[in-house]
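Using my numbering, the first residue of the sequence shown is number 44, and each one after it goes up by one.
Since the hints were derived computationally from the structure, they do not count as laboratory data.
Don't be surprised by glycine CBs; every beta carbon is placed ideally from N, CA and C.
Any given hint might turn out to be false.
Computed Cβ-Cβ distance ranges for the label pairs, DEER-style [unchecked claim]:
{"#": "1", "residue 1": "143", "residue 2": "56", "range": "20 to 28 Å"}
{"#": "2", "residue 1": "133", "residue 2": "57", "range": "17 to 25 Å"}
{"#": "3", "residue 1": "92", "residue 2": "44", "range": "42 to 50 Å"}
{"#": "4", "residue 1": "146", "residue 2": "94", "range": "42 to 50 Å"}
Listed next, the in silico SDA-like pairs over lysine to any residue satisfying Cα-Cα at most 20 Å (straight line) [what the hints assert, rightly or not]:
{"#": "5", "residue 1": "144", "residue 2": "79"}
{"#": "6", "residue 1": "124", "residue 2": "110"}
{"#": "7", "residue 1": "124", "residue 2": "112"}
{"#": "8", "residue 1": "66", "residue 2": "124"}
{"#": "9", "residue 1": "66", "residue 2": "142"}
{"#": "10", "residue 1": "144", "residue 2": "45"}
{"#": "11", "residue 1": "124", "residue 2": "50"}
{"#": "12", "residue 1": "144", "residue 2": "59"}
{"#": "13", "residue 1": "144", "residue 2": "91"}
{"#": "14", "residue 1": "124", "residue 2": "87"}
{"#": "15", "residue 1": "66", "residue 2": "138"}
{"#": "16", "residue 1": "66", "residue 2": "115"}
{"#": "17", "residue 1": "124", "residue 2": "91"}
{"#": "18", "residue 1": "144", "residue 2": "44"}
{"#": "19", "residue 1": "144", "residue 2": "65"}
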Amino acid sequence: MNVWLCVQAYEGELYATTHLTQKGAWLTAIYDILQFLSADDEDLEWFREAQGIESHDDLPPNTPAELEALSSQELSDVFQKWSGYTWDNSCGYMIEVMQRKLEG
Numbered sequence: 044m045n046v047w048l049c050v051q052a053y054e055g056e057l058y059a060t061t062h063l064t065q066k067g068a069w070l071t072a073i074y075d076i077l078q079f080l081s082a083d084d085e086d087l088e089w090f091r092e093a094q095g096i097e098s099h100d101d102l103p104p105n106t107p108a109e110l111e112a113l114s115s116q117e118l119s120d121v122f123q124k125w126s127g128y129t130w131d132n133s134c135g136y137m138i139e140v141m142q143r144k145l146e147g
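Using the sequences and the hints given, assemble the complete structure.
Dropping the structure here:
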């Protein structure tokens with residue numbers, strides 16, 4: 044049986060969640076990135092201004108309605124785009140989704 048892990052590191056602490064679907068793992072990872080970047084709905088304008096992004100249309104999908112309508116492959120692409128904004132952080136933040144096989 045396949046399971047997907049969402050593994051995060053933040054300020055030296057490790058966190059992991061386990062998901063039965065790949066889509067659930069991607070959604071968890073993307074929501075975590077959005078929260079870390081303060082790019083969720085409430086703070087999106089601040090994030091755009093801080094990054095020099097002119098229009099909401101220039102951002103990857105970021106609302107639950109937009110994200111949940113996407114396939115796993117599309118979410119993987121969105122994850123890659125959002126995670127690019129985390130690469131130069133000074134908090135040691137890192138997040139990854141990986142597949143593992145459970146055998147009994």
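Hint check results:
Between residue 143 and residue 56 the C-beta distance comes to about 21 Å, which sits within the given range of 20 to 28 Å. Between residue 133 and residue 57, the C-beta spacing of about 18 Å keeps the proposed range 17 to 25 Å intact. Restraint check, residue 92 to residue 44: a C-beta distance of roughly 45 Å satisfies the suggested window 42 to 50 Å. The given range of 42 to 50 Å is respected by residue 146 and residue 94, whose C-beta atoms sit roughly 44 Å from each other.
The suggested pairing of residue 144 with residue 79 is violated, with an alpha-carbon distance near 29 Å, which exceeds 20 Å. Between residue 124 and residue 110 the CA atoms are separated by roughly 13 Å; this keeps the pair inside 20 Å, and the hint holds. Between the alpha carbons of residue 124 and residue 112 the distance comes to roughly 17 Å, so the proposed pair stays at or under 20 Å and holds. Between residue 66 and residue 124, the direct Cα distance comes to roughly 16 Å. Compliance with the 20 Å bound is thereby established for this hinted pair.
The straight-line distance between the Cα atoms of residue 66 and residue 142 is roughly 12 Å, inside the 20 Å bound, and the hint therefore holds. Of the supplied pair hints, the one linking residue 144 and residue 45 holds, its CA atoms being roughly 5 Å apart against a limit of 20 Å. About 18 Å separates the Cα atoms of residue 124 and residue 50, which keeps this hinted pair within 20 Å; it holds. In summary, the hint linking residue 144 to residue 59 is supported, as the alpha carbons are separated by about 16 Å, within the 20 Å threshold.
For the hint pairing residue 144 with residue 91, the CA-to-CA distance comes to about 39 Å; that exceeds 20 Å, so the pair is violated. The suggested pairing of residue 124 with residue 87 holds, with an alpha-carbon distance near 16 Å, which does not exceed 20 Å. A C-alpha spacing of about 15 Å is found between residue 66 and residue 138, which places the hinted pair at or below 20 Å, so the restraint holds. The suggested pairing of residue 66 with residue 115 holds, with an alpha-carbon distance near 5 Å, which does not exceed 20 Å.
Distance check on the hinted pair: residue 124 and residue 91 sit about 14 Å apart at the alpha-carbon level, within 20 Å; holds. The suggested pairing of residue 144 with residue 44 holds, with an alpha-carbon distance near 6 Å, which does not exceed 20 Å. For the suggested pair residue 144 and residue 65, the alpha carbons sit about 12 Å apart, so the restraint of at most 20 Å is met.
When the structure is compared with the earlier hints, violations turn up for hints 5 and 13 and for no others.
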